[in-house]
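Novice: Residues per chain, in single letters:
Number of protein chains: 2
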Amino acid sequence: MKIAILGFGSVGRGIAQIVAERDTGLVITAVADSKSGCIDNNGIDPLELINRKEETGLCGEKGITAEYIIENAEYDALVEVTPTNAETAEPSLGYIRLALSRGRNVVTSNKGPIAKNYAELKDLADKNGVRLKYEATVCGAIPIIHTLQYSLAGNKVKRLYGIFNGTCNYILTRMADEKLTYKEALLEARELGYAEADPTYDVEGIDAAIKLVILANAIFGMNKKIEDVEITGINSLTSQALELAEEDELTIRLIGEINNEKGILKVSPRVIPKNHTLVVRDTLNAVTIDTDLAGEITLIGKGAGSIETASAIISDLLFISNCHDGSP
Amino acid sequence: MKIAILGFGSVGRGIAQIVAERDTGLVITAVADSKSGCIDNNGIDPLELINRKEETGLCGEKGITAEYIIENAEYDALVEVTPTNAETAEPSLGYIRLALSRGRNVVTSNKGPIAKNYAELKDLADKNGVRLKYEATVCGAIPIIHTLQYSLAGNKVKRLYGIFNGTCNYILTRMADEKLTYKEALLEARELGYAEADPTYDVEGIDAAIKLVILANAIFGMNKKIEDVEITGINSLTSQALELAEEDELTIRLIGEINNEKGILKVSPRVIPKNHTLVVRDTLNAVTIDTDLAGEITLIGKGAGSIETASAIISDLLFISNCHDGSP
Numbered sequence: 001m002k003i004a005i006l007g008f009g010s011v012g013r014g015i016a017q018i019v020a021e022r023d024t025g026l027v028i029t030a031v032a033d034s035k036s037g038c039i040d041n042n043g044i045d046p047l048e049l050i051n052r053k054e055e056t057g058l059c060g061e062k063g064i065t066a067e068y069i070i071e072n073a074e075y076d077a078l079v080e081v082t083p084t085n086a087e088t089a090e091p092s093l094g095y096i097r098l099a100l101s102r103g104r105n106v107v108t109s110n111k112g113p114i115a116k117n118y119a120e121l122k123d124l125a126d127k128n129g130v131r132l133k134y135e136a137t138v139c140g141a142i143p144i145i146h147t148l149q150y151s152l153a154g155n156k157v158k159r160l161y162g163i164f165n166g167t168c169n170y171i172l173t174r175m176a177d178e179k180l181t182y183k184e185a186l187l188e189a190r191e192l193g194y195a196e197a198d199p200t201y202d203v204e205g206i207d208a209a210i211k212l213v214i215l216a217n218a219i220f221g222m223n224k225k226i227e228d229v230e231i232t233g234i235n236s237l238t239s240q241a242l243e244l245a246e247e248d249e250l251t252i253r254l255i256g257e258i259n260n261e262k263g264i265l266k267v268s269p270r271v272i273p274k275n276h277t278l279v280v281r282d283t284l285n286a287v288t289i290d291t292d293l294a295g296e297i298t299l300i301g302k303g304a305g306s307i308e309t310a311s312a313i314i315s316d317l318l319f320i321s322n323c324h325d326g327s328p
Numbered sequence: 001m002k003i004a005i006l007g008f009g010s011v012g013r014g015i016a017q018i019v020a021e022r023d024t025g026l027v028i029t030a031v032a033d034s035k036s037g038c039i040d041n042n043g044i045d046p047l048e049l050i051n052r053k054e055e056t057g058l059c060g061e062k063g064i065t066a067e068y069i070i071e072n073a074e075y076d077a078l079v080e081v082t083p084t085n086a087e088t089a090e091p092s093l094g095y096i097r098l099a100l101s102r103g104r105n106v107v108t109s110n111k112g113p114i115a116k117n118y119a120e121l122k123d124l125a126d127k128n129g130v131r132l133k134y135e136a137t138v139c140g141a142i143p144i145i146h147t148l149q150y151s152l153a154g155n156k157v158k159r160l161y162g163i164f165n166g167t168c169n170y171i172l173t174r175m176a177d178e179k180l181t182y183k184e185a186l187l188e189a190r191e192l193g194y195a196e197a198d199p200t201y202d203v204e205g206i207d208a209a210i211k212l213v214i215l216a217n218a219i220f221g222m223n224k225k226i227e228d229v230e231i232t233g234i235n236s237l238t239s240q241a242l243e244l245a246e247e248d249e250l251t252i253r254l255i256g257e258i259n260n261e262k263g264i265l266k267v268s269p270r271v272i273p274k275n276h277t278l279v280v281r282d283t284l285n286a287v288t289i290d291t292d293l294a295g296e297i298t299l300i301g302k303g304a305g306s307i308e309t310a311s312a313i314i315s316d317l318l319f320i321s322n323c324h325d326g327s328p
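Note that the protein sequences, when read in sequence, are chains A and B.
According to full-length UniProt numbering, the first sequence is numbered sequentially starting from 1.
According to full-length UniProt numbering, the second sequence is numbered sequentially starting from 1.
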């Protein structure tokens, strides 16, 4: 299957590396970064691409843009991993619309377009007989979307709840283990690269809320906006609160929850037993799916990282490549 | 999609109940239990079937056998959930062979045929252009097989390890929590219906080993027999060993492991930290998949139960019904 990659940062290069190293049946025919692009409908050598990008900072010629590639390259699936503004969802949203309109499958790692425009994009995909896949948008390497769409098919999901943000989980783990204050733990997370210079998006629960909105709209057919999520972050949590919890063999985690029966989305710090399945450590994510037939199924794994994101993208591509007709 | 069900015990009836209650697109055209059977190529009312079985102990007429149904009914997929001897794999094995030879998809919950004859059966399925699915054979409701085949596609699995037997896990949980001896905990497990009158199959690690053989052969392309698994059960574990572990915040669990790089399969009680992800309680199962791209992904859930098994069967059926061409 021929793929065009938009965005050639660490995720894009990770995908190229995987295509180079293993027998996926995937062929890269076009790549664009923010400054350049290249097209070869017979297939581009992925390692040559990675080298060129490392040596020159460019992946191709300056005149070849993402839009040009979407409209002119030969590809079956667009891999859309551009750096995108989470608020406006651009430029990702425009690229996805254009590719779907041209009857091409799309795989994206960008949360913005899926959280904001899922219904419109899915409709566009259906009209054009192609697929829109977005496993990488929620919980990184954990195949939560695939599990909900396929592995637990036939089940009714009553509730889904868990840890959707690794930065917050790291801070809470360190506050509990080392009796750090919130500020000390945040500083440590920043030094280790787990938190951004401006950590608002993570610590105020917005990132977790966006992931809930994606699952609510894409999997449960709701029509939610970020404003519909009741959000409390961890930024005003005191070390005293954690110490009190610890005394009773409890701890605090930032839990995101979708109540599918009531249609309620919520992100908040919650006190839970230390031996609870969801009490994972450091930057891990963990999600429990509460179903009517299979009971509670919990998935735990790395919720972020370039290679983990590339892994989710590749599994989406292989699914498009191998499974046809009638499936979401 | 039309399905024929062989075996109308609690799993078979659970499947019929699900078909009756929700919009699966599945139509039951034939059913057989060990004494009777019925065929209606226009579709059988699932609730009427369940009532008939409850009232008369039969699901149809005495002359209609499983073999007759396989050869004469109209169906796209055979649901093979008969009570089957784990040693000989019969009658399941014969039914599966016959249905695949007739160009019908097969979904089974029986471990025997998949553990013993996977390569032969897969070959037969491929030759006839149909699918053989067996999600229910390993860890009940946990979609471990689907996760390995699809959700983590593109990943190389280095190691896979976890808790594959709920009976042993219950006994070990109770020994640790209540300081019971092995015999006391086993007695309790029996009273609660978690252990058979003859618990050998579970407590000696054979059940866990069979599940490893299934994964090794079906997912990792090995050619293993139960004799190839290094097995130590929990039946000679002392409460002293558990108490010693508990003193250091450790505990003991029966861990099954496939080392995919070395081709080694092993089941044994292991000492692990009490806060380890795999330390789940009571009859739960938990499996960690150690991959090169996605890192470690852990799945936790109910490893047994009629409705959980029915859930796995239904997801296999919906996958066959919705996804075509080229996928395993």
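Hints are not guaranteed to be accurate.
[Said to hold, decoys possible] A few chain A residues facing chain B, derived, Cβ under 10 Å: (1) V27; (2) G94; (3) E135; (4) I145; (5) K179; (6) L180; (7) T181; (8) Y182; (9) N275; (10) T277; (11) T288; (12) T291; (13) I300; (14) K302; (15) D316; (16) C323.
In short, the hints are calculated from the structure, not lab data.
All values derive from a computational prediction rather than experimental measurement.
Beta carbons are placed, not taken as given, at the ideal position from N, Cα and C, and that holds for glycine.
Novice: Now tell me, hint by hint, if it's right for this structure.
Specialist: Now the hints, each set against the structure:
1. V27: violated (15 Å)
2. G94: Cβ of G94(A) sits 28 Å from chain B, so the hint is violated.
3. E135: holds (8 Å)
4. I145: holds (9 Å)
5. K179: violated (18 Å)
6. L180: violated (19 Å)
7. T181: Violated - the Cβ of T181(A) stays beyond 10 Å from chain B, reaching only about 23 Å at its closest.
8. Y182: violated (23 Å)
9. N275: holds (7 Å)
10. T277: holds (6 Å)
11. T288: holds (8 Å)
12. T291: Hint holds; T291(A) Cβ to chain B Cβ min 7 Å, cut 10 Å.
13. I300: At about 4 Å, which falls below the 10 Å cut-off, the nearest Cβ of chain B leaves the hint on I300(A) intact, so it holds.
14. K302: Hint on K302(A): holds, closest Cβ of chain B at ~5 Å, below 10 Å.
15. D316: holds (9 Å)
16. C323: With a closest approach of 4 Å, the C323(A) hint holds.
Checked against the numbered hints given earlier, the structure breaks hints 1, 2, 5, 6, 7 and 8 and satisfies all the rest.
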